[in-house]
Structure formats: C-alpha cells, structure tokens
Amino acid sequence: MKVFALMGSPREGSNTDILIEEALKPARIAGWEVEKFNIDQLYINPCRGCMECRGTGDCSLEEDDILVVARAMAEADAYIIGAPVYGNHLPGQVKVLFDRLSGLIHKVSYDGESLRSQSRLPHKKRQAFIFAVAAASRPEACDGVLRYLKFFVRPELNGGEVFELAVTGVGAKGQIGFGAEELEKMLIKYNYDNPEEKIKEYLDLHKKYLNLAREFGEKILDL
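The sequence shown lines up with residues 1 to 223 when you count with UniProt numbering.
Among these hints, one or two may not hold up.
Unchecked claim - Computed Cβ-Cβ distance ranges for the label pairs, DEER-style:
id	residue 1	residue 2	range
1	G144	R11	17 to 27 Å
2	L221	R147	23 to 33 Å
3	Y110	S137	39 to 49 Å
4	S109	I188	54 to 64 Å
5	K200	C50	52 to 62 Å
6	M1	S137	34 to 44 Å
7	L221	G112	33 to 43 Å
8	G31	E201	30 to 40 Å
9	E181	K2	34 to 44 Å
10	T56	E181	50 to 60 Å
Since the hints were derived computationally from the structure, they do not count as laboratory data. The model shown is predicted, which means the values in this text are computed figures rather than measured ones. Each residue gets a CB set at the ideal place from its N, CA and C atoms; glycine is no exception.
Put together the whole structure using the sequences plus the hints.
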C-alpha cells in the first residue's frame, strides 16, 4: 500500500511540512510506502493552455517532473496534501502543478449542459487528508484552499472519504513545533503584553492540530 504526500509550502520546515510529517507517521508505522513531494523541489513548467491533454491525457510539456507526480498519484492508495494560504488561495507553485496535472489525471467531458470531471487513474477506492495553514485566526481564511483541494482530489477517490482540516493562527515558520521558550521569544518580538498566558494557549492549539493531523493520517489508511 502506498500514500502520496504533497507538501505545498515552498519553505522546508514550515508548519505545513511539520503537519505533513505528523500525518505520515501512521502510514510509516503501518509499513506503507510513502512518496512525499516538496513543491519547492519540483521542476514544473506552467501550463500553456493548448488543451492537448484534455483529449489524449498526454501533456506536450513533459520535459519536467510532471509525469513523476502523476505516476505517484496513480499508484497511491491514499493522499495527504497540505498547503499554506497565500492571498486566500494556494501558493502559485501548487496552482501551476495542479494546472498541469489536471488533464493528465482527469478526463473532462461535456454533456451539452455541464462539464463532468472523471478520473483517468486506475479505478480503486482511495482516501484523502487535505489541510490548509493560515496565519489568520479565522477558519474561513482556509476556505479557498480547502475547497480547491477537495475539488481536485474528489474524482480520484471512488467512494473514499476526504478528511479536511483548517489550521489557523500559525504565522511564524515552524511555529506549530515551537516549545515554550521559542514561543516566548516570538511573542516578545511581536510585543504581546502577557506572553505567559498566550504561550499556554498556543501550546494547546498546536497540540490539537498535531493530534488531528496524526488522527486523519490514520483514518486514510482504513480502506
């Protein structure tokens, strides 16, 4: 069994990266094969809109890493995809990847009234855990990213579930892994009046998100 993971932050060691690793722990313990891609380490040309892939499923810009990612998605039994919120949406690098993947893994048809998206991948039940990470404290800050990720993975699941998580209030790089001392330095830097009270609040919040990531990482293994 195999899990595909996409770390959609351009920063290694980011909150997104830490949560991806936490979500992957159950798969690694269970002996699943893990294939993780960091978006910043992929070489992906932007889509030119030629639409060739819509008919054939083949891309005219194949001299990059796109086929490696598409193959990994085809082989996987579960997906873990996380990304930070940039301007209420995905980072540009992730959107470029998904634009290129779209025609390779989805077949789009038109019935005269509406467009339908069907999977080109081998037909099997898959599960997915998707999450978005925002510095803002409002859960709705993650809505755009989660909505897009769900739309993207849904055709590949064949009856499997999508588990989603909005991670909010974490703005500093790697903050979700901070201990009390690192949090105190961060809060002093941002001129908080009572950092001691806020430290406990953050520690509890981070623990909750890490536990949820691990919990959803375990749920997607239940096929």
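What hint numbers does the structure not satisfy?
none
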